[in-house]
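Could you build all of it, start to finish, from the sequences and the hints given here?
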Amino acid sequence: MRIELLKSKIHRAKITDKNLGYEGSLTLDQDLMDAAGIFKYEKIQLVNVNNGSRLETYAIPGERGTGDVVLNGAAARWGEIGDVVIIISYAQIDQHGVKGFEPKIVLVDAQNHIKPSSKIA
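Sequential numbering of the sequence shown, starting at 39, is according to my numbering.
Please keep in mind that the hints were generated in silico from the structure rather than gathered at the bench.
All C-beta atoms, glycine included, are put in the ideal place defined by N, C-alpha and C.
Be careful, since some hints might not be right.
As the list claims (entries may be wrong) - With a straight-line Cα cutoff of 20 Å, these simulated SDA-like cross-link-like pairs (lysine to any residue) come out:
no.: 1; residue 1: LYS52; residue 2: TYR96
no.: 2; residue 1: LYS52; residue 2: ILE98
no.: 3; residue 1: LYS56; residue 2: GLY111
no.: 4; residue 1: LYS56; residue 2: GLN83
no.: 5; residue 1: LYS78; residue 2: MET39
no.: 6; residue 1: LYS45; residue 2: GLN130
no.: 7; residue 1: LYS52; residue 2: GLU94
no.: 8; residue 1: LYS137; residue 2: ILE158
no.: 9; residue 1: LYS45; residue 2: GLU80
no.: 10; residue 1: LYS52; residue 2: GLY62
What the hints assert, rightly or not - Quick list of the computed label-pair ranges, beta carbon to beta carbon:
no.: 11; residue 1: LYS137; residue 2: GLU94; range: 24 to 30 Å
no.: 12; residue 1: GLY138; residue 2: VAL85; range: 32 to 38 Å
no.: 13; residue 1: GLU118; residue 2: GLY138; range: 36 to 42 Å
Structure follows, in structure tokens:
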């Protein structure tokens, strides 16, 4: 049996921009993607702390070091620039591998840069 668990989360990032004309997705600073182990085009869930809503989309890499968290396409209507969000990825793991599994937790500062206290080992 496989169990779906939290693989990683980027906790309390801020939306930096919106691009309604783009085809879709979330553009995410490549440094954040790497720290969280999120792959290009991976399905992610977004939780908007400001309004309580959730959204599923996929991640595309943005420029490193920018702190970019950009809502694209229809997702641009889901939140506002400055909204605080939690970006979540999940993994299906065989039940026998669950015991030692630990998710990556990426904490960010006000500019969406990775805090040293993040749990990304």
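To see whether the hints hold, each was checked on the structure:
no., hint, verdict
1, LYS52 / TYR96, "holds (17 Å)"
2, LYS52 / ILE98, "holds (17 Å)"
3, LYS56 / GLY111, "holds (8 Å)"
4, LYS56 / GLN83, "holds (17 Å)"
5, LYS78 / MET39, "violated (27 Å)"
6, LYS45 / GLN130, "holds (9 Å)"
7, LYS52 / GLU94, "holds (17 Å)"
8, LYS137 / ILE158, "holds (18 Å)"
9, LYS45 / GLU80, "holds (12 Å)"
10, LYS52 / GLY62, "holds (18 Å)"
11, LYS137 / GLU94: 24 to 30 Å, "holds (28 Å)"
12, GLY138 / VAL85: 32 to 38 Å, "violated (26 Å)"
13, GLU118 / GLY138: 36 to 42 Å, "holds (40 Å)"
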